[in-house]
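Given the sequences, and given the hints that come with them, work out the whole structure.
Now for the letters of each chain:
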Amino acid sequence: MPFEPVILFFLLGLVAGIARSDLKIPGVLYESLSIFLLLAIGLKGGVELARHSVVALLPQAAMVVLTAALIPLLAFPLLRRLGGFARADAASIAAHYGSVSVVTFAVAAAWLAGRGIEAEGHLIVFLVLLEFPALVIGVLLARGIGADTPWGRVLHEVFAGKSIVLLVGGLVIGWVAGPEGIQPLDRLFIDLFKGMLAFFLLEMGLVAAGRLGDLRRAGPFLAGFAIAMPLAAGVLGTLTGTLLGLSVGGATLLGTLYASASYIAAPAAMRIAVPEANPALSIGASLGVTFPFNLLAGIPVYHWLAGTFNGWLK
Amino acid sequence: MNMPHAACKLLTVICEAGLENDLLRDLERLGATGYTITDARGRGARGVRNAAWSESANIRVEVLCSEPTAEAIVQRLKQRYYANYAMVLFMADVAVLRVEKF
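Those protein sequence lines, which keep their order, are chains L and P.
Note that the first sequence ends on residue 314 in our numbering; no numbers are left out.
Note that the second sequence ends on residue 102 in our numbering; no numbers are left out.
Don't take each hint at face value.
Have a look at the derived ranges for each label pair, beta carbon to beta carbon [stated by the list, open to error]: (1) L:169 to P:75: 32 to 42 Å; (2) P:43 to L:52: 21 to 31 Å; (3) L:53 to P:78: 47 to 57 Å; (4) P:82 to L:148: 10 to 20 Å; (5) L:148 to P:44: 25 to 35 Å.
Quick caveat, the hints were computed from the structure, so don't treat them as lab data.
All values derive from a computational prediction rather than experimental measurement.
For every residue, glycine included, the Cβ atom is placed at its ideal position computed from N, Cα and C.
Right, dumping it as structure tokens:
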């Protein structure tokens with residue numbers, strides 16, 4: 001099986017969308033599924049965190065956040081100079097690529113688990129930490145410091161946004177309750193996780209199909225960027241992970257996080273903070289190209305990179 | 001039976017769902033005493049907004065108010081949202097039974 005089977009649900013959605021099928025996942029179901037997935041991932045991370053010393057993770061976490069900040073800082077000048085994008089558009093796209101996609105992470109974790117490859121559970125903590133710094137960097141790139149940015153509203157949108165609330169909330173609940181405390185909920189949050197993920201991916205396939213038109217209008221540069229950027233970020237992530245002493249599975253997941261582009265937290269925050277940026281460009285690239293690319297080709301590439309770096313450095 | 005009724009304005013705003021909090025704060029500050037919100041989807045200058053997921057969802061906000069309040073709301077929304085957001089706004093004359101409510 002070359003693919004993780006849940007990816008086939010994404011392909012089904014994509015095909016149905018391109019064929020203009022009348023298949024439609026109701027908006028409420030999409031909302032419910034995303035709440036479930038975010039909470040379940042947070043809980044899993046919290047349970048893992050309960051097994052670790054939080055303080056011991058801090059230096060590693062700081063390195064991960066600092067290195068990941070390079071991604072939007074690299075993407076912005078590329079989009080601006082080579083792509084000729086307006087400042088607001090370049091900053092918004094950079095923020096999307098600097099932030100992370102929770103579902104891409106979940107698929108990578110399932111891909112590794114399907115091959116019996118172990119990965120450190122506390123990677124979920126990094127997932128949470130990588131959600132928001134890029135959004136703040138994106139706003140700074142678009143607006144500069146001290147300009148008339150409504151920072152209160154922007155920070156509220158970022159930190160009170162549903163993805164951070166549910167991920168951090170799940171993390172804290174899992175951490176406080178510990179593995180035994182969460183066990184009665186395992187049937188819902190652990191056993192059903194993959195089925196729910198499959199359902200969500202079906203919907204994402206439909207949505208991604210609807211975004212392909214945006215991308216055609218944006219031109220070939222953005223489509224090329226949407227494949228080259230995750231590959232470059234994947235190299236940075238797997239290398240950082242290996243240097244920090246993560247296992248091959250852990251470095252694969254970190255590479256996937258760096259390579260993934262946000263399409264839940266970033267669009268909502270950028271819409272409020274940088275309203276003049278065209279959302280069709282950033283969402284078209286992150287959801288129309290990068291998300292499918294990572295699912296179908298990226299994850300095995302990051303695994304290969306992690307294995308190669310691991311061989312060199314150890 | 002002839003009920004007494006009075007004229008008032010019905011203001012309808014259709015916009016991106018993400019604007020809901022900001023928009024409602026504006027409406028309240030400008031003197032709207034109430035509003036009705038429904039989820040909506042459709043097509044306009046900014047393409048199809050089919051509500052398939054949160055970023056493409058629309059809302060339809062209806063406000064019954066006096067003419068000066070309606071004018072103030074129109075000016076505010078035009079200045080604050082028209083340039084960068086998907087928004088359609090229209091107004092109609094309607095008759096209401098209990099004008100003191102609006």
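Results of checking the hints against the structure:
no., hint, in the structure
1, L:169 to P:75: 32 to 42 Å, "40 Å, holds"
2, P:43 to L:52: 21 to 31 Å, "50 Å, violated"
3, L:53 to P:78: 47 to 57 Å, "56 Å, holds"
4, P:82 to L:148: 10 to 20 Å, "18 Å, holds"
5, L:148 to P:44: 25 to 35 Å, "29 Å, holds"
Hint check: a violation occurs at hint 2 only; the rest are consistent with the structure.
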